[in-house]
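Please construct the entire structure, taking both the sequences and the accompanying hints into account.
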Amino acid sequence: LAKTTQPISMDSYEGQEVNITCSHNNIATNDYITWYQQFPSQGPRFIIQGYKTKVTNEVASLFIPADRKSSTLSLPRVSLSDTAVYYCLVGPMGNRDDKIIFGKGTRLHILP
Amino acid sequence: EPEVTQTPSHQVTQMGQEVILRCVPISNHLYFYWYRQILGQKVEFLVSFYNNEISEKSEIFDDQFSVERPDGSNFTLKIRSTKLEDSAMYFCATRKGGNTGELFFGEGSRLTVL
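Each protein sequence line maps, in turn, to chains A and B.
When you read off a place in the first sequence, starting at 1, and then add 945, the result is the number in my numbering.
When you read off a place in the second sequence, starting at 1, and then add 1, the result is the number in my numbering.
Hints listed in this document are in silico derivations from the structure and should not be mistaken for laboratory results.
Incorrect hints may have been included.
Cut-off 27 Å, straight-line C-alpha distance, at most; resulting in silico cross-link-like pairs (DSS-like, lysine-lysine) [unchecked claim]:
{"#": "1", "chain 1": "A", "residue 1": "Lys-948", "chain 2": "A", "residue 2": "Lys-1044"}
{"#": "2", "chain 1": "B", "residue 1": "Lys-43", "chain 2": "A", "residue 2": "Lys-1049"}
{"#": "3", "chain 1": "A", "residue 1": "Lys-997", "chain 2": "B", "residue 2": "Lys-79"}
{"#": "4", "chain 1": "A", "residue 1": "Lys-1044", "chain 2": "B", "residue 2": "Lys-58"}
{"#": "5", "chain 1": "B", "residue 1": "Lys-58", "chain 2": "A", "residue 2": "Lys-948"}
{"#": "6", "chain 1": "A", "residue 1": "Lys-1049", "chain 2": "A", "residue 2": "Lys-948"}
{"#": "7", "chain 1": "B", "residue 1": "Lys-43", "chain 2": "A", "residue 2": "Lys-1044"}
{"#": "8", "chain 1": "A", "residue 1": "Lys-1049", "chain 2": "B", "residue 2": "Lys-58"}
Have a look at this one:
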């Protein structure tokens, strides 16, 4: 499994766009990049997944450069309720991997 | 939206006692997982389960732990003789399989070992 590195914590203000970058230098050809969000005392929740270029859904965007050695989760116009831990995971998708490992994540704190 | 349900939400037990945590997966999901999270720490993988057998397990998942799906619906995690350090939130997660890697997590079972 590719090792990931992300900032331990970030602060931002309500209404701002927040970008969290994850480094994954040894990403493999068949690896996908997945982001989860976790609120205190709750299970992680899937946010977005991508393989290359850009993916957007109703919650976030995921930017992946051509070399795929990093990715950036972009949260538009954050609110206080976006305060959570965000995890970047890299690994094969579907049936090929059953050991889905979470790193330490980025603790995002949104200020009023 | 379908969800993973876990029981109990909170269990307090004495050291050395057996504990069983239960999970009802989403009905068409084929892959099942247990994770634990000690307070303030990261989410740790324990075990994955597919086709009625363990696929992968971590070094945490020693002989004190076992999983089964006894009746085709509930997916259980048993801790045979609890230790103080087993106190944590235990999360069940399920995955549909095929071309999707998205994990769906339950709300967790908080285990407190005294």
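Comparing the hints with the structure gives:
For a cut-off of 27 Å, the pair hint linking Lys-948(A) to Lys-1044(A) stands: about 13 Å separates their Cα positions. Proximity of Lys-43(B) to Lys-1049(A) is assessed by CA-CA distance (about 5 Å); at most 27 Å being required, the pair is judged to hold. Proposed proximity of Lys-997(A) and Lys-79(B) is contradicted: the alpha carbons are some 40 Å apart, above 27 Å. Using a Cα cut-off of 27 Å, the hinted pair Lys-1044(A) and Lys-58(B) holds, with the two alpha carbons roughly 8 Å apart.
Proximity of Lys-58(B) to Lys-948(A) is assessed by CA-CA distance (about 18 Å); at most 27 Å being required, the pair is judged to hold. For a cut-off of 27 Å, the pair hint linking Lys-1049(A) to Lys-948(A) stands: about 11 Å separates their Cα positions. At most 27 Å may separate the alpha-carbon atoms for a hinted pair to count; Lys-43(B) and Lys-1044(A) meet this at roughly 15 Å. The straight-line distance between the Cα atoms of Lys-1049(A) and Lys-58(B) is roughly 19 Å, inside the 27 Å bound, and the hint therefore holds.
In summary, the one numbered hint that this structure violates is 3.
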